[in-house]
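Peer 1: Chain residues, written in single-letter form:
Protein chains: 2
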Amino acid sequence: MPWADLRAETVARIESPGKVLTVELDLSEGRLAYRVLRFGEPVIDDSRLGFRLRGAEKLERNLALLSTATDSADATWEQPWGENRFVRDHHNALRARFHETAAPGRRFDVVVRVFDDGLGFRYEFPEQSGMDEAIIDDELTEFAVHDPATAWWIPAGEWNRYEYLYQRTPLAQVTQAHTPMTVRTDNGLHIAFHEAALVDYAGMWLRRTEGQRFRAQLAPASEGWKVRRSLPFHTPWRTVQIADSAAALYESSDLTLNLNEPNKLGDVGWFTPAKYVGVWWSLHLDTETWATGKKHGATTANTRRYIDFAAEHGFRGVLVEGWNPGWDGNWFGNGYDFDFTRATYDFDIEALSAYAASKGVHLIGHHETACAVSHYEDQMEDAFAMNARLGIDVVKTGYVCDAGQIERRIDGGSASGKGRVVREWHDGQWNANHHLRAVEAAARHRVAINAHEPIKDTGLRRTYPNWVSREGARGMEYGAWGNPTNPPEHEVNLVFTRMLSGPMDYTPGILSLQGRGQAIQTTLAKQLALYVVLYSPVQMVADLPEHYAEHRDAFQFIEDVPADWSETRVLDGEVGDFVTFARKDRHSEDWYLGSISDEHGRLLEVPLSFLQPGRRYTAQIYRDGDGAHWRDKPFAFAREQREVTSADVLTLKLAAGGGQAIRFVAH
Amino acid sequence: MPWADLRAETVARIESPGKVLTVELDLSEGRLAYRVLRFGEPVIDDSRLGFRLRGAEKLERNLALLSTATDSADATWEQPWGENRFVRDHHNALRARFHETAAPGRRFDVVVRVFDDGLGFRYEFPEQSGMDEAIIDDELTEFAVHDPATAWWIPAGEWNRYEYLYQRTPLAQVTQAHTPMTVRTDNGLHIAFHEAALVDYAGMWLRRTEGQRFRAQLAPASEGWKVRRSLPFHTPWRTVQIADSAAALYESSDLTLNLNEPNKLGDVGWFTPAKYVGVWWSLHLDTETWATGKKHGATTANTRRYIDFAAEHGFRGVLVEGWNPGWDGNWFGNGYDFDFTRATYDFDIEALSAYAASKGVHLIGHHETACAVSHYEDQMEDAFAMNARLGIDVVKTGYVCDAGQIERRIDGGSASGKGRVVREWHDGQWNANHHLRAVEAAARHRVAINAHEPIKDTGLRRTYPNWVSREGARGMEYGAWGNPTNPPEHEVNLVFTRMLSGPMDYTPGILSLQGRGQAIQTTLAKQLALYVVLYSPVQMVADLPEHYAEHRDAFQFIEDVPADWSETRVLDGEVGDFVTFARKDRHSEDWYLGSISDEHGRLLEVPLSFLQPGRRYTAQIYRDGDGAHWRDKPFAFAREQREVTSADVLTLKLAAGGGQAIRFVAH
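Just so you know, the sequences run in chain order A and B. So the first sequence is numbered by numbering that gives the first Met the number 0: it starts at 0 and just counts up by one. So the second sequence is numbered by numbering that gives the first Met the number 0: it starts at 0 and just counts up by one.
Here chain A stands alone, though its shape is the one from the complex (with noise of 0.2 Å):
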């Protein structure tokens, strides 16, 4: 059907600011759809909205528009930690009412808001009688891609995590993906698809049901819904990202935190980002265990070796996975040894907390519940409050199941006690809201989060900027014992795709370039860089000491790159090719870059213009040697030094698989 055909049903419209965007909402025999065009020409086409509702009529039939209602918003908000000190949120809004012309004249509410680089948009369920609540079957929301396109994306549904290679492939071939998952057009367009503020509902993966037209398929929970709400609610905002090239791409990811609520927790200057060591890949390599006996990592002694060894450095955090009791058994599926507010017999928490204060260092703490949800529930106001006491304010979390899912007690058994359990997706709305539970449980005792295994991020962290970091991708232990392992453009792919979505605690810094019995597909170099590009205000320096004790020269980097920034810039980049950022400390004048590579060797212009014109900077430059290659030739690295200002253009080389760190040292 001609374009100019379909435009005649609009009964609704709103542009962006800069009328780069325009969202139109149709009505079509009652039926109720949008479209978005970009500079006047199709992006998405006519896609549905509306819902499938338990014991009631399909709510997107016998529709009629009600009333509508626009706004605008041009606000800069500042972030307490970050990728950028300030964010700008101007967008366009409008509000159309909808309600059924037949019975039983439901009412909700479409809302969107359009930026110049994006939208989201989301149903709301206004109070209304004869609708005390709402039992979702399904959502019918779709998205219909008009051009040809490419697509990187991981398949969701089939198991519970999002541990998996990203898969570039013909968008026409994606089967069902999770969220972010990001499209190229075959004219250059990149989108992205995604969600904001995921609240006490379930999270959408995108089912393909035909060409380039997906269909929100929401994670099940155990009763057979997918979500169930009392009225009034609304759902996460749908969001679409558009931008001209991947580095702009990355930048439009501004509208996820936008569409958040603002802070709920006050000041969290108690929270502080910071880079960490610790017990770990010396876990992953099975040198040490989590469980206790002659190769248990968590002991007091070898802490104690860390904790020297972040206070030499400068490092504040050292996380001890394997510090308490549980992990002796068959852990893996059965997390309900699992103690959070007790160490093993050879883990003095109470000293090394006291030791590690005296140098400055906080330990971090470790909360597996290998998917005992409920089990870990019970005992995390107090866990947290142990946690505060001993000034361990940052605890990772862990999600490792078994069979994949969630265990969730429906039958108010005893704290300690299994009870009868249902199984739930990490996606699912209940998982959603133990997520929030756990943030909020920890916000009280003023503890921060980064979850693994985690639910995935919806830019929570404006509302609840105490949950600061999490994993949700393949991480650098995948290099260690992964078959396959990461290979080359691993992240490549991440920066394009999971880190449109928030930080990443993706735990590089490997300079030893060794797993157990594989090579990690990667320079030295590029080690490196992964601290500019892979952004975490957590950020592990995750190699052995002995280790670094060999890499003198590299480590310098890691010690001065910091881990919250007041300015990002995305200079360049093709998603799953490479991509270099630029990043500005947030305690000094100094900026960073990072760039990295995939398989294949890049030369690449930068220009400096980034820099504050007019100053002086010494460029720290920690590169790829001549011939060094990620297969052949991975340790081959050179540090050097220059004078330059904005006006310079850099040409970094990066070998295959390889990288580029700078540090610029404002004078």
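Quick caveat, the hints were computed from the structure, so don't treat them as lab data. Warning: the hint list may mix true and false statements.
If several chains are the same, the list does not tell them apart, and a pair holds so long as it fits within one copy or across any two.
Said to hold, decoys possible - As a list, the in silico EDC-like pairs of lysine to aspartate or glutamate whose alpha-carbon atoms are at most 20 Å apart:
(1) Lys632 <-> Glu40
(2) Lys18 <-> Asp631
(3) Lys18 <-> Glu639
(4) Lys18 <-> Asp625
(5) Lys294 <-> Asp345
(6) Lys57 <-> Asp108
(7) Lys57 <-> Glu28
(8) Lys18 <-> Glu598
(9) Lys18 <-> Glu604
(10) Lys358 <-> Glu311
(11) Lys358 <-> Asp307
(12) Lys632 <-> Glu14
Because the structure is a prediction, the values reported are computed rather than measured.
Got chain A; can you put chain B on it based on the hints?
Peer 2: Quick look at chain B alone, frame taken from chain A:
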């Protein structure tokens, strides 16, 4: 076969100065091949080298290496005019001498020059006993692209010229392509194949033989062979440009110039880069005619009007097509009536030249051959002498053929008669030589040549800097009457294909946006941007004076924009999607920016770091107006002004089919 195995046969190797590219020569059972690695990874797989010679064995077996020699260069040379005043030639070179180990024992060298962003190689046949000449039936040079890739290309061999819409297809679906052919691998590498210094040889097409493997297909000579040469001789350079981005690919085109011989003409200060107007667009609109009669465009009165218009607005040249006898009959495919030394009865060339001179204006000559090339050659010397006498120091030549081929007289017939003629290809050895004969004849009279329906550009402007521009692709006239017309993506396609080879006389600036009963698929602002985007040292102001009078605001930019540059930067772009150029005026401190898009609108962030740091500039911005769209609202246009420095970042909004032009006036 694994890569490592092939390496065992490598007989010679040369790395680029920055160790980015490696070219290896390989002998396998007496057969010669080359390959190209980048950062240690294959870009061009093993590709054969050799010839099929008439009356002798193929020259591709039983080969052995005699010796190798290497060389290197790092020199900077100055262009008399161009996109950049200075060009750096930084390469390493390898000469590998081969001979046949069996009879007839022929010898040849392969010479490779490798830059960080590409390479050229050629065959050199030294003097040798038993071989006085070579009749080349086929050149067997191959080009095999390693990674899956997309190609932008036009077909070769089916028609005589280059005036096709560029196709985008998988590389493995190309049939036979003209060069430059541009390729982007799925890994984001940009590659262009072309040739440099096409002198006394046949032009090379690229014929796909299997998968992503291509073989040189030389344009045939009328005699049946491809090339006939006496020894010693060498072939043109076969070039491969390799870069990480579309922008870097464009900038790598310098290697084509670097592979050409230095200026043979000495001081060419007599050529002045400039804009020109003329009796031209009216001919394509069919409101005036080339033929004499009541619609004749090239009348004395009409030309005086154009001279006045040029003088008033500071344009140096006035082109007049249809000024000479030969147009009144059926000239198409019959150029024997053309007289290049006499004007039509209603065109007082002497008086007009004097009138022009009195106003500082120069007529621009027009020599349409209709492909009767020998007929043209008979008159060339006299014609250029007349041009020179009348101040006509630029001549536009034309080679519009009927049956599609150049006519060459071979029986020594009279200058006026047709004689016995054979047909040659535009790309054939004879016509390649014709163009140089014309350029050299013109140079003797200090006349510059702007060839239409030319042979392709291979960088010979370095050696013959009076060969200032040419057509060689679909120009603006297809907007007037083309079926199909030029679509909005056409000029962006040109930038990353045709324009890699050198200047093009595209004849932009049709501010009326209207052809002969059809709209030009462009916005108003885009027409301005083309003056910066599509480089030519002779740049037409192509619309009618009365049309410019209706668009004074926009016309200001056309008045201001120079035709000669000291520096050129491609700031951003994607093949076929969009591109942004910044160029610095050669005669002032002003910079100019041009950005164009395809049928999609774009939002582009442009750091102004190319400006001189610390200096203030007034940015005179000519942009698409709100809601502009090539189809629906092409005249929406805004002019605005702001003060900027190199530290600013501009956001360019380009409409669908739109563009933006900016002059940065230095303070």
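Peer 1: It remains to establish, for every hint, whether it holds in the given structure.
Peer 2: Cross-check of the supplied hints:
Taking the shortest Cα distances, lysine 632 and glutamate 40 sit within 20 Å of each other only across copies (13 Å), while inside one copy they are farther apart (48 Å). Taking CA atoms no more than 20 Å apart as the test, lysine 18 paired with aspartate 631 passes between copies only; the shortest distance there is 15 Å, against 51 Å inside one copy. In this homomeric assembly, lysine 18 and glutamate 639 come within 20 Å of each other (Cα to Cα) only across copies, at 18 Å, whereas the closest approach inside a single copy is 46 Å. In the homo-oligomer, the alpha carbons of lysine 18 and aspartate 625 lie at most 20 Å apart only across protomers (7 Å), although the nearest pairing inside one protomer, at 48 Å, exceeds that limit.
Taking identical chains as interchangeable, the C-alpha atoms of lysine 294 and aspartate 345 lie at most 20 Å apart only when both belong to the same chain, with a minimum of 12 Å there against 103 Å between chains. Proximity of lysine 57 and aspartate 108 under a CA criterion of 20 Å is satisfied intra-copy only: 16 Å inside one chain copy versus 77 Å between copies. Taking the shortest alpha-carbon separations for lysine 57 and glutamate 28, only the intra-copy value of 15 Å comes in at or below 20 Å, while the best inter-copy value is 73 Å. For a Cα distance limit of 20 Å, the shortest separation of lysine 18 from glutamate 598 across copies, 17 Å, qualifies, whereas the shortest one inside one copy, 39 Å, does not.
Proximity of lysine 18 and glutamate 604 under a CA criterion of 20 Å is satisfied inter-copy only: 16 Å between copies versus 32 Å inside one chain copy. In this assembly of identical chains, the alpha carbons of lysine 358 and glutamate 311 lie at most 20 Å apart only when taken from the same copy (9 Å versus 80 Å across copies). Proximity of lysine 358 and aspartate 307 under a CA criterion of 20 Å is satisfied intra-copy only: 8 Å inside one chain copy versus 85 Å between copies. For the identical chains of this complex, lysine 632 and glutamate 14 are inter-copy neighbours only, at 17 Å across copies versus 53 Å inside a copy, given an alpha-carbon limit of 20 Å.
In the structure shown, no violation is registered for any of the earlier numbered hints.
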